[in-house]
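Visitor: Since the structure of chain G is already known, use the hints to place chain R on it.
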Amino acid sequence: GAVVSQHPSWVICKSGTSVKIECRSLDFQATTMFWYRQFPKQSLMLMATSNEGSKATYEQGVEKDKFLINHASLTLSTLTVTSAHPEDSSFYICSARVISVQETQYFGPGTRLLVL
Amino acid sequence: AQSVAQPEDQVNVAEGNPLTVKCTYSVSGNPYLFWYVQYPNRGLQFLLKYITGDNLVKGSYGFEAEFNKSQTSFHLKKPSALVSDSALYFCAVRVTGGGNKLTFGTGTQLKVEL
Chain G
1311 GAVVSQHPSW VICKSGTSVK IECRSLDFQA TTMFWYRQFP KQSLMLMATS NEGSKATYEQ
1371 GVEKDKFLIN HASLTLSTLT VTSAHPEDSS FYICSARVIS VQETQYFGPG TRLLVL
Chain R
6 AQSVAQPEDQ VNVAEGNPLT VKCTYSVSGN PYLFWYVQYP NRGLQFLLKY ITGDNLVKGS
66 YGFEAEFNKS QTSFHLKKPS ALVSDSALYF CAVRVTGGGN KLTFGTGTQL KVEL
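Line by line, the protein sequences give chains G and R. As numbered in the working numbering, residues 1311 to 1426 make up the first sequence, in order. As numbered in the working numbering, residues 6 to 119 make up the second sequence, in order.
In case anyone wonders, no lab produced these hints; they're calculated from the structure. On a predicted model such as this, the values are computed, not experimentally measured, just so you know. Among the hints, erroneous ones may be present.
Listed below are the simulated DSSO-like cross-link pairs for lysine-lysine, each with C-alpha atoms no more than 27 Å apart in a straight line [to be verified]:
(1) R:K63 x R:K74
(2) R:K106 x G:K1330
(3) G:K1330 x G:K1351
(4) G:K1351 x R:K27
(5) R:K63 x R:K106
(6) G:K1374 x R:K106
(7) G:K1376 x G:K1324
(8) G:K1330 x R:K63
(9) R:K74 x R:K54
(10) R:K116 x R:K54
(11) R:K82 x G:K1324
(12) G:K1324 x G:K1351
(13) R:K27 x R:K74
(14) G:K1330 x G:K1365
(15) G:K1330 x G:K1374
(16) G:K1374 x G:K1351
(17) R:K116 x R:K27
(18) G:K1365 x R:K106
(19) R:K63 x R:K27
(20) R:K106 x G:K1376
(21) G:K1376 x G:K1330
(22) G:K1351 x R:K54
(23) G:K1376 x G:K1365
(24) R:K82 x R:K27
(25) R:K63 x R:K82
(26) G:K1324 x R:K63
(27) R:K116 x R:K63
Bound conformation, chain G alone (with noise of 0.2 Å):
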């Protein structure tokens, strides 16, 4: 199946300061990438969804001006967590859309964010 990393897969940071996560689909071309977060226990939270070459579109309650969304490239999505502070940890996780089936959605393996 279609591979999706991301990295990194985890980071400590203080509060106040701003984290990047990256998510690439490895062996496929992907225009659109999604950016979840996930609760201990508790599902999947959609936060935007990432179209390559034009701006995303953040689901209700989520700050654009928070969760910065990039999407560079066919293969690369990365979401900036600007001044982030304890209540954003939380873990991150991204996934993409194969384009030859575009049905699904395949995920990368999460980042831990824990914000001190």
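Guide: Same frame as chain G, but now just chain R:
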């Protein structure tokens, strides 16, 4: 709006026994249905999907699911459970023309014991 319900937070099964993880959905339109599995501190792995055609869908690791339109269900099944199947299972749905947005259920923790 589309929604998914996984009525069981946890399912316990003895190894070798059949397992079922339940999922029901609500959509306005034709559903695309998915099952994903998540191991601790990992992302989701795709198991199987129903788009159209045969109601019985076979997927990875011996799992299968049956689409039942009248009951709006898409239960995940496996004839013989393994301890290694223990994980968190998510059902998800999206509708055609829905912008590829997946809606996930709350997840069901499967525990397979010896």
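Visitor: Evaluate each hint against the coordinates.
Guide: How the hints compare with the structure:
{"no.": "1", "hint": "R:K63 x R:K74", "verdict": "holds, 17 Å"}
{"no.": "2", "hint": "R:K106 x G:K1330", "verdict": "holds, 23 Å"}
{"no.": "3", "hint": "G:K1330 x G:K1351", "verdict": "holds, 24 Å"}
{"no.": "4", "hint": "G:K1351 x R:K27", "verdict": "holds, 18 Å"}
{"no.": "5", "hint": "R:K63 x R:K106", "verdict": "holds, 23 Å"}
{"no.": "6", "hint": "G:K1374 x R:K106", "verdict": "holds, 18 Å"}
{"no.": "7", "hint": "G:K1376 x G:K1324", "verdict": "holds, 16 Å"}
{"no.": "8", "hint": "G:K1330 x R:K63", "verdict": "violated, 38 Å"}
{"no.": "9", "hint": "R:K74 x R:K54", "verdict": "holds, 15 Å"}
{"no.": "10", "hint": "R:K116 x R:K54", "verdict": "holds, 22 Å"}
{"no.": "11", "hint": "R:K82 x G:K1324", "verdict": "violated, 44 Å"}
{"no.": "12", "hint": "G:K1324 x G:K1351", "verdict": "holds, 25 Å"}
{"no.": "13", "hint": "R:K27 x R:K74", "verdict": "holds, 14 Å"}
{"no.": "14", "hint": "G:K1330 x G:K1365", "verdict": "holds, 17 Å"}
{"no.": "15", "hint": "G:K1330 x G:K1374", "verdict": "holds, 14 Å"}
{"no.": "16", "hint": "G:K1374 x G:K1351", "verdict": "holds, 25 Å"}
{"no.": "17", "hint": "R:K116 x R:K27", "verdict": "holds, 14 Å"}
{"no.": "18", "hint": "G:K1365 x R:K106", "verdict": "holds, 16 Å"}
{"no.": "19", "hint": "R:K63 x R:K27", "verdict": "holds, 16 Å"}
{"no.": "20", "hint": "R:K106 x G:K1376", "verdict": "holds, 21 Å"}
{"no.": "21", "hint": "G:K1376 x G:K1330", "verdict": "holds, 12 Å"}
{"no.": "22", "hint": "G:K1351 x R:K54", "verdict": "holds, 24 Å"}
{"no.": "23", "hint": "G:K1376 x G:K1365", "verdict": "holds, 14 Å"}
{"no.": "24", "hint": "R:K82 x R:K27", "verdict": "holds, 9 Å"}
{"no.": "25", "hint": "R:K63 x R:K82", "verdict": "holds, 10 Å"}
{"no.": "26", "hint": "G:K1324 x R:K63", "verdict": "violated, 46 Å"}
{"no.": "27", "hint": "R:K116 x R:K63", "verdict": "holds, 21 Å"}
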